[in-house]
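**Q** Under this note's numbering, the sequence shown is numbered contiguously, ending at residue 684.
Please note that a few of the clues may not be correct.
[As the list claims (entries may be wrong)] Using C-beta positions, here's what the derived DEER-type ranges look like:
hint: 1; residue 1: 515; residue 2: 494; range: 30 to 38 Å
hint: 2; residue 1: 539; residue 2: 507; range: 40 to 48 Å
hint: 3; residue 1: 619; residue 2: 471; range: 30 to 38 Å
hint: 4; residue 1: 399; residue 2: 471; range: 35 to 43 Å
hint: 5; residue 1: 617; residue 2: 432; range: 20 to 28 Å
hint: 6; residue 1: 525; residue 2: 393; range: 49 to 57 Å
hint: 7; residue 1: 471; residue 2: 496; range: 15 to 23 Å
Hints in this document: simulated from the structure, not taken from any laboratory.
Positions of the beta carbon are idealized from the N, C-alpha and C atoms, including for glycine.
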Amino acid sequence: MSHRILCVDPDEESRAETVAYLRSELSALDPMIETADGVATATEQLTTGTAAVITEYELTDGTGFEVIERARDRCPDAGVVLYTETDPDSIDSAELQGEITEYVGKGSVFGTERLAELLRTTIEDSTQRSYPLPQTEEQRLVALRSYDLDDPALLESLDRITDLAAQHFDVDQSSINIISEHSQDFLACYGKAEQWESMDRSDSICTFTILEDENVMTVSDVTEDPRFESRSETLIEMGIRSYMGANLVAPSGLVIGPLCVYDSEPRSFSPADEAYLQKLAATAMDLIELYTQLDATEGSR
Numbered sequence: 384m385s386h387r388i389l390c391v392d393p394d395e396e397s398r399a400e401t402v403a404y405l406r407s408e409l410s411a412l413d414p415m416i417e418t419a420d421g422v423a424t425a426t427e428q429l430t431t432g433t434a435a436v437i438t439e440y441e442l443t444d445g446t447g448f449e450v451i452e453r454a455r456d457r458c459p460d461a462g463v464v465l466y467t468e469t470d471p472d473s474i475d476s477a478e479l480q481g482e483i484t485e486y487v488g489k490g491s492v493f494g495t496e497r498l499a500e501l502l503r504t505t506i507e508d509s510t511q512r513s514y515p516l517p518q519t520e521e522q523r524l525v526a527l528r529s530y531d532l533d534d535p536a537l538l539e540s541l542d543r544i545t546d547l548a549a550q551h552f553d554v555d556q557s558s559i560n561i562i563s564e565h566s567q568d569f570l571a572c573y574g575k576a577e578q579w580e581s582m583d584r585s586d587s588i589c590t591f592t593i594l595e596d597e598n599v600m601t602v603s604d605v606t607e608d609p610r611f612e613s614r615s616e617t618l619i620e621m622g623i624r625s626y627m628g629a630n631l632v633a634p635s636g637l638v639i640g641p642l643c644v645y646d647s648e649p650r651s652f653s654p655a656d657e658a659y660l661q662k663l664a665a666t667a668m669d670l671i672e673l674y675t676q677l678d679a680t681e682g683s684r
């Protein structure tokens, strides 16, 4: 796995030296280091997959604090380091509005070593705590935002899908979920799932489901799956001991979320079970497409 680092510095020579040093010191982490010389170019480079940002304070078109603000919007989990020649006493830290940022002086003794160590720690911590992202994550989020998912008639129709899924598999809970940039939200629910609220994506089973090439994922027992070891107690409290999810795949091939069924006991699912849930998920996606088109047509009148 390659870790994306953005280095923002208006001085081309200084920027090149920093990049060369980090590539050498962090080679074991396989960093993908991108560069920018100012706020605008940095903003273009920032993505949800950016793991860390290093920025000078004085840039060609603003300050490093503006880059930090953009990073907080686009990649809030990224580590940020102000790596600068500017005297810290001359920097108005109030501009950060309470954001915590590491400061490393370029001219300080062991400054480059300190920078490399901060980035190593940031990347290693991120690897341990974060969830995996599809290779098409940015396009997937664009596709998700293109749909009108607030239409009451649509939500009522999706509720019937979750009812059918729960009845067919004889489970107490079922839901249709969307996976946004940092959270899992529930479009339609059956049973106790109706009480669930939006959850952090790092706590979600479904964030793994959207990675499946076959667009369906089963978990016979969450307590025996290493991916959910740290959260199995919480899942069991929610009535989730076993799980099956089938992706809602847009015509573009991008996944916006899954249709899921949950059992409070360990359970295996057959290929026929997977096929049936996939058909229901395809129907749910068709409904989302249909209602979005209808709303667009009515809005143009």
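**Q** Now, for every hint given, state plainly whether the structure supports it.
**A** How the hints compare with the structure:
One distance hint, 30 to 38 Å for the beta-carbon pair residue 515 and residue 494, holds here, with the actual separation near 33 Å. Distance hint check for residue 539 and residue 507: the Cβ-Cβ separation is about 46 Å, which falls inside the suggested range of 40 to 48 Å. For the pair residue 619 and residue 471, the beta carbons lie near 49 Å from each other, so the given range of 30 to 38 Å is not met. The hinted window of 35 to 43 Å between residue 399 and residue 471 is violated, with their beta carbons roughly 25 Å apart.
Separated by about 27 Å at the C-beta atoms, residue 617 and residue 432 satisfy the suggested range of 20 to 28 Å. Hint check: residue 525 to residue 393, Cβ distance near 31 Å, so the stated range 49 to 57 Å is violated. Look at residue 471 against residue 496: about 19 Å separates their beta carbons, and that is inside 15 to 23 Å.
Comparing the model with each numbered hint stated earlier shows that hints 3, 4, 6 do not hold.
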